[in-house]
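Participant: Residue-level listing of the chains:
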Amino acid sequence: MRTQRKYPLFWIVLLALIFTTTIFSSLLAPFEPNAMDMNQIYKAPNATHLLGTDQLGRDVLSRLLVGGKVTLFIAIISVVLSSIIGIIYGGISGYFGGAIDAVMMRILEAFLTIPSLVIVLALQAIMQGSVWRMAMIMGVTGWFVTARIVRSEFIRLKELEFVQMAKMFRTPLWKILFGHLLRNCIPAIFVVTIFNFAGAIFTEVSLSFLGIGVPPATPSWGTMLYTAQNDLLVGAWWMGLFPGLFIFVTILCVQVIGGTFKQGGRSHI
Amino acid sequence: MEVLSNKGGDHIFKIENVAVHLNGKYLIHDVSFTVPKGQITAVIGESGSGKSTTLSALLGMLPAQAVMEGSILFNERNLMELSEQERAGLRKKHFFTIFQDATNSFSPTLKIKQQLYRLTASRLGQKEEAFLGKITAILKDLNLPEDVLNRYPFELSGGMLQRCMLACAFYNEPDVLMADEPTSALDMLHQQEFIKLLKNLHARLGATIILITHDLGVAAIADSMIVMKNGEIVEAGQVAEIFKEPKHPYTKRLVANHF
Amino acid sequence: MIAKWLGKRVIMGTIVLIIVSFLSFFMMHAAPGNPATAYYGGNAQTLTTGEKERIEQAFGLDKPVLFQYGTWLGEALQGNLGYSAKEGRPVSTILLERLPNTLQLIVLTLFLVTITSIWLGLQAGMKEGSLLDRGLSIFSIASSAIPPFWLGILFIMVFSITLGWLPSSGMNDVRGDGGLVDRLYHMVLPLTVLVISHVGIFARFLQDSVKVENHSYYVQVARANGVSEREIRSMILRNAVIPYINYVGVTIPSFFGGSIVVETLFSWSGLGQLLVKSVMVKDFPVLMGAILIIGVVVVICLFIIDVLMICLNPRLRRGGFV
Chain A
1 MRTQRKYPLF
11 WIVLLALIFT
21 TTIFSSLLAP
31 FEPNAMDMNQ
41 IYKAPNATHL
51 LGTDQLGRDV
61 LSRLLVGGKV
71 TLFIAIISVV
81 LSSIIGIIYG
91 GISGYFGGAI
101 DAVMMRILEA
111 FLTIPSLVIV
121 LALQAIMQGS
131 VWRMAMIMGV
141 TGWFVTARIV
151 RSEFIRLKEL
161 EFVQMAKMFR
171 TPLWKILFGH
181 LLRNCIPAIF
191 VVTIFNFAGA
201 IFTEVSLSFL
211 GIGVPPATPS
221 WGTMLYTAQN
231 DLLVGAWWMG
241 LFPGLFIFVT
251 ILCVQVIGGT
261 FKQGGRSHI
Chain B
1 MEVLSNKGGD
11 HIFKIENVAV
21 HLNGKYLIHD
31 VSFTVPKGQI
41 TAVIGESGSG
51 KSTTLSALLG
61 MLPAQAVMEG
71 SILFNERNLM
81 ELSEQERAGL
91 RKKHFFTIFQ
101 DATNSFSPTL
111 KIKQQLYRLT
121 ASRLGQKEEA
131 FLGKITAILK
141 DLNLPEDVLN
151 RYPFELSGGM
161 LQRCMLACAF
171 YNEPDVLMAD
181 EPTSALDMLH
191 QQEFIKLLKN
201 LHARLGATII
211 LITHDLGVAA
221 IADSMIVMKN
231 GEIVEAGQVA
241 EIFKEPKHPY
251 TKRLVANHF
Chain C
1 MIAKWLGKRV
11 IMGTIVLIIV
21 SFLSFFMMHA
31 APGNPATAYY
41 GGNAQTLTTG
51 EKERIEQAFG
61 LDKPVLFQYG
71 TWLGEALQGN
81 LGYSAKEGRP
91 VSTILLERLP
101 NTLQLIVLTL
111 FLVTITSIWL
121 GLQAGMKEGS
131 LLDRGLSIFS
141 IASSAIPPFW
151 LGILFIMVFS
161 ITLGWLPSSG
171 MNDVRGDGGL
181 VDRLYHMVLP
191 LTVLVISHVG
201 IFARFLQDSV
211 KVENHSYYVQ
221 VARANGVSER
231 EIRSMILRNA
241 VIPYINYVGV
251 TIPSFFGGSI
261 VVETLFSWSG
271 LGQLLVKSVM
281 VKDFPVLMGA
291 ILIIGVVVVI
301 CLFIIDVLMI
311 CLNPRLRRGG
321 FV
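Chains as they are written, first to last, in the numbering used here: chain A, 1 to 269; chain B, 1 to 259; chain C, 1 to 322.
Just so you know, these hints were derived from the structure itself, not from any lab.
The model shown is predicted, which means the values in this text are computed figures rather than measured ones.
It is possible that some hints are incorrect.
[As the list claims (entries may be wrong)] If we take Cβ atoms under 8 Å as the criterion, some of the chain B residues that face chain C in the derived model are:
{"hint": "1", "residue": "PHE33"}
{"hint": "2", "residue": "LEU59"}
{"hint": "3", "residue": "MET61"}
{"hint": "4", "residue": "ARG91"}
{"hint": "5", "residue": "ASP101"}
{"hint": "6", "residue": "ASN104"}
{"hint": "7", "residue": "PHE106"}
{"hint": "8", "residue": "SER107"}
{"hint": "9", "residue": "THR109"}
{"hint": "10", "residue": "LEU110"}
{"hint": "11", "residue": "ARG118"}
{"hint": "12", "residue": "SER122"}
{"hint": "13", "residue": "GLY125"}
{"hint": "14", "residue": "PHE154"}
{"hint": "15", "residue": "GLU155"}
[Said to hold, decoys possible] Calculated pairs, EDC-like style, for lysine to aspartate or glutamate (alpha carbon to alpha carbon, straight line, at most 20 Å):
{"hint": "16", "chain 1": "B", "residue 1": "LYS127", "chain 2": "C", "residue 2": "GLU231"}
{"hint": "17", "chain 1": "C", "residue 1": "LYS8", "chain 2": "A", "residue 2": "ASP101"}
{"hint": "18", "chain 1": "B", "residue 1": "LYS14", "chain 2": "B", "residue 2": "GLU81"}
{"hint": "19", "chain 1": "B", "residue 1": "LYS111", "chain 2": "C", "residue 2": "ASP133"}
{"hint": "20", "chain 1": "B", "residue 1": "LYS252", "chain 2": "B", "residue 2": "GLU235"}
{"hint": "21", "chain 1": "B", "residue 1": "LYS93", "chain 2": "C", "residue 2": "GLU229"}
Built from N, CA and C at the ideal position, the CB exists for glycine as well.
Next comes chain A alone, as it looks inside the complex (with noise of 0.2 Å):
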């Protein structure tokens, strides 16, 4: 009995909803997000305010809007750059084979040893800073689980009919390596980067929460948290709670379509 899989229509409309608002935020923020009202502080969700103000009377839905931006653009830029490493040492690790292999996995089994988030926050300590550099920071550090199924991918793949004959033909390595080995594993990339993605999100609200992300002037949904422990001394418990819903229900949309297309792919995480 094997059920259809449905596609996962519901949560693809509502992630590309999250993000077009992110883009168009400072279109569709109802306040400037940086605009201070001191007669305005910590009031609880209204007409005016949907989701409250903060302790500068800034509007919540406005901030959680623009810092959406922030957020999201930390998480693409790194997990792009994590892919590319990924691609590469899985790449050559599963294509050469061999003593290169194994040197190579050992290192890459030692990374995945060290906690992911302690890696990002010795780095952080170096390098703290700017947004770009944060993206940086962790797209270096997110290519493991990459490399590990490129390089499985690649190994299956190199073994077929099709890349034995490319290979008597003489066809040059990197056509061996980006026409006929890469492309077949677009699929099983795709569904690691889905999941790539939703970690990043979490890699840097977490870091933002506690502050040695993004400086936490900049709006960001962790920065927001971040602060949001004074916050809730006071009563304003919608600061905790609205960053964090933003956090999940993204999280979960990610999630969710990744599930349906590990599912349906062949891919083995």
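Guided by the hints, dock chains B and C onto chain A, whose structure is given.
Facilitator: Structure of chains B and C alone, referenced to chain A:
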């Protein structure tokens, strides 16, 4: 040998007009036959002929989505009217079944001792000490070294594991022993040996045996046989008669190929 | 066979620790400025050249980098991890104060997560299509999308601020005697957050492997022969738990990652909180030490998992193919 004289109207199974369909497709239909008590009945046919479905129906273990029509009487009780528990009870008290793939018939992480215990003494509510004495004697009869009990399935060959299953049959002395292609995963030498042991078991216990196979050589040890094709019975009768004078063209071809 | 396999694992663990030590050592050297600036923070500019040289000598900074690494590693192996740049106390002392607190949290989390997830996963996996089966699948996806710190914030909002039932920070009551009951009382919220954010995926993993086992050949054989459901269930669990324990091993590092965030939120003075603090104030000696000790603990945990795997999987014990 007095059990063999027990021919005539004494049936242990009476299967009448049984049909099984799954998702609107018939797996077997119009299946009617009787299984005489104390005899070996062979069900022969190629894969997809419905012989395994027939066995599942007898065991009451059809897939949940399958629908069954007709009736199966075991000792005059209609299996269709029994609850899931009662059917499990029948499988525990009256039947024993040996399957084709002996290497996968055992859990990979338990020693043979515990697995044989679960397949025998535990079903009958006996203690482990009593079990050990009896099973050791049976294993010896079956030419199995005693230390198989302390081995894991992956340390034994398919032939040895199939003999372990047979040991369970000897232990349980079931009213009906069912065997689903018990020899097709074994090599020639082990096939011969297994058949010999099966005959031996039949002579000693007088159990009714339902032997499902695609191999006429194996079916030759049976008293009567049923030939299935495409979910239907195409021929049934005494083995000796069918071998001598097959009627249906399919059986004719089978017999011709065999000799 | 086992000796060879374990030997491989020990070598692997050593490689991991070497990489971790490299990482933490060179991190300090890649840092802007040097330990002197780190030590004096913003006041570094006011130092005279003589003072700078004196500090650099004290830190061994005039020697080649690899030489410094060797010295540092040799000292570290003897338990000497240097002195905190902020507190001036030995790093090893600070770490040893913190380590038990983190271990309490993580060991209890692991214990609760494995017990609960095995029980839930087995129940759900054995009853395919049931409410529990489908409910657990949904819970597992949802719980893996909840950031643990947000869950913690929600819990603090509800249980500490609104209801006033549970403490939101610290490990002991200031006026209390610091006893076990008090400690556990303070542990409820951080523990619950860590357990909820991990239990879903673990239960889901076991649930899936129970389903695979439940459809396997040997289970069909056992059912056909009237083996009791209780005995079948125990066979299934015995086999399903092997990939599960392996999965726990793979996920152990993420427990430490999760505890960093949770310790910081609940002011639990463990290694995670120490790590975050030392990043903020750029206390590099402490940071290096904390990373190193987390690496050591993870490697030890993985080794325990490996031993457990040998106990559970007869194929590893009895040769055969690994």
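Participant: Could you run down the list of hints and mark each one as holding or not?
Facilitator: Quick rundown of the hints versus the structure:
1. PHE33: Violated: closest Cβ of chain C sits about 21 Å from PHE33 (chain B), beyond 8 Å.
2. LEU59: With a minimum Cβ separation of about 6 Å from chain C (threshold 8 Å), the hint on LEU59 (chain B) holds.
3. MET61: Status holds, d = 6 Å.
4. ARG91: For ARG91 (chain B), the interface hint holds, since the closest Cβ of chain C sits about 4 Å away, which is under 8 Å.
5. ASP101: With Cβ-Cβ at 6 Å, under 8 Å, it holds.
6. ASN104: Since chain C brings a Cβ to about 4 Å from ASN104 (chain B), closer than 8 Å, the hint holds.
7. PHE106: holds, 6 Å
8. SER107: For SER107 (chain B), the interface hint holds, since the closest Cβ of chain C sits about 5 Å away, which is under 8 Å.
9. THR109: OK, holds: THR109 (chain B) within 8 Å of chain C, min 5 Å.
10. LEU110: Holds, about 6 Å.
11. ARG118: Hint on ARG118 (chain B): holds, closest Cβ of chain C at ~5 Å, below 8 Å.
12. SER122: This interface hint holds because 7 Å falls under the 8 Å limit.
13. GLY125: violated, 10 Å
14. PHE154: Nearest chain C Cβ about 5 Å off; hint holds.
15. GLU155: holds, 6 Å
16. B:LYS127 to C:GLU231: holds, 15 Å
17. C:LYS8 to A:ASP101: holds, 17 Å
18. B:LYS14 to B:GLU81: Status holds; Cα separation ~15 Å.
19. B:LYS111 to C:ASP133: Violated: LYS111 (chain B) and ASP133 (chain C) sit about 31 Å apart, past 20 Å.
20. B:LYS252 to B:GLU235: Since the Cα atoms of LYS252 (chain B) and GLU235 (chain B) sit roughly 10 Å apart, the hinted pair holds (cutoff 20 Å).
21. B:LYS93 to C:GLU229: holds, 15 Å
Checked against the numbered hints given earlier, this structure breaks hints 1, 13 and 19; the rest are met.
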